[in-house]
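Engineer: Chains A and B are the protein sequences, given in the same order.
Residue numbers are given in full-length UniProt numbering: position 54 of the first sequence equals residue 54, and the series is strictly consecutive.
Residue numbers are given in full-length UniProt numbering: position 56 of the second sequence equals residue 56, and the series is strictly consecutive.
Just so you know, these hints were derived from the structure itself, not from any lab.
One thing to keep in mind: the hints can contain errors.
Using 25 angstroms as the maximum straight-line C-alpha spacing, the simulated BS3-like pairs for lysine-lysine come out as follows [to be verified]:
id : chain 1 : residue 1 : chain 2 : residue 2
1  : A       : Lys25     : B       : Lys168
2  : B       : Lys168    : A       : Lys31
3  : B       : Lys242    : A       : Lys98
4  : B       : Lys133    : B       : Lys104
5  : B       : Lys178    : B       : Lys15
6  : A       : Lys98     : A       : Lys31
7  : A       : Lys25     : A       : Lys85
8  : A       : Lys79     : A       : Lys98
9  : B       : Lys14     : B       : Lys46
Some, not all, of what chain B presents toward chain A, calculated at C-beta under 8 angstroms [said to hold, decoys possible]:
id : residue
10 : Asn22
11 : Leu23
12 : Gly63
13 : Asp195
14 : Arg255
Cβ coordinates follow ideal geometry from the N, Cα and C atoms, glycine included.
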Amino acid sequence: MEFKENQAIYLQIANRFFENILKGKWASGDKIPSIRDMAVEFEVNPNTTMRTFNYLQEKGIIYNKRGIGYFLADDGLEKTIALKKEQFIEEDLPVFFKTMQLLGLSFEDLKAYFSKYSGASV
Amino acid sequence: MIALNDIHFRYKKKKQLFENLNLSLQPGFIYGLLGKNGAGKSSLLKLISGLLYPDSGECRVFGYDASARKPAMLQDIYLVPEEFNLPPISLATFVNINSVFYSKFSHNQLQAYLAEFELQEEDKLSTLSYGQKKKFLIAFGLATNARLLILDEPTNGLDIPSKSQFRKIMAASLDEDKIIVISTHQVRDLENLIDNIVVLEHGNIIFNQNIAAISERLAFEYNLAGIPEGEVLYAEELQGRKAGIVKNLSGQDSRVDLELLFNGIIKNAPVINEQFAKLNYEY
């Protein structure tokens, strides 16, 4: 995997976890791959993936069954959506609004584009 | 654990290389030893593995004095050098002769690594390319299960798929008992594997930090335009733009760019080190 963004690697790996959760690849109660398996997959130090797991555990998205492994929490999907929504609103939206202002795009313009987009993607 | 205490060392008829060198390496981590050519990296690795003796001071490896070269210590160390000469024998013969020196040697692991690197046991070492020889030594070194694995420029000579296999194998083999020391100039190849950066310059350790602390304190920017001068710690021209190291004030851990970090440290280590003065991060 190529790590490009300015975010720490362990957070970029966390984003990959979120993708798996949002796309339904991992469901509530599923056992997820181990810290080491993930380190091998992403070709990073296991201490880095351990930080990813600690981070997700702190957020209540995964939990650890001692000696068995890590599992997706029952409300893992809801928590992931809430977290990603917060990130989207705090980080992505301001950039988006700034670009809108720069280009002189109005909400009406946006609505038109959005209905075109959702019409095309259904 | 490995502890170098007040090491003094010089090669005959040359000027002092190490003066009062102190370094401690803990199990469970991969250390990246960086430095320009001639900074003393290979000499430091040789001191640790008992191949050079300090003029004064002591290097302790798992409780042993490295220069005593006790078999109990040596069976727990494997060093893959940058340059090597291998005899004109088959891989299997080499393994039969050398594996006996390592009490924890695993033939099963070796088979798996050789398969991963696409090496055949019946091939003669002398017929292999430099990269293949290197892969063989890495595979052998890992199979010894030595607690201290020292790799001098391990990715030199490896093709692109082999570099990826190498990273996967390293990620799989690090455990809480192991100390892995990698000396390299190819920082891009190993950027995400290393968790402690040690920089050597003229025989002095001018930087020694954990990657978690680095990503907390420093940020790496590829366009410095608009960033207040007081926040910029190091700047360089990169494809027409100014890239550099800045203070990490975002509260978000940054991705560490080892090449920029190394350049910044070589240019002005005190400015970079200042950012770690009040460090209270616990890994």
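Engineer: Hint numbers the structure violates, sorted upward?
Structural biologist: Violated hints: 5, 6, 8, 10, 11 and 12; rest satisfied.
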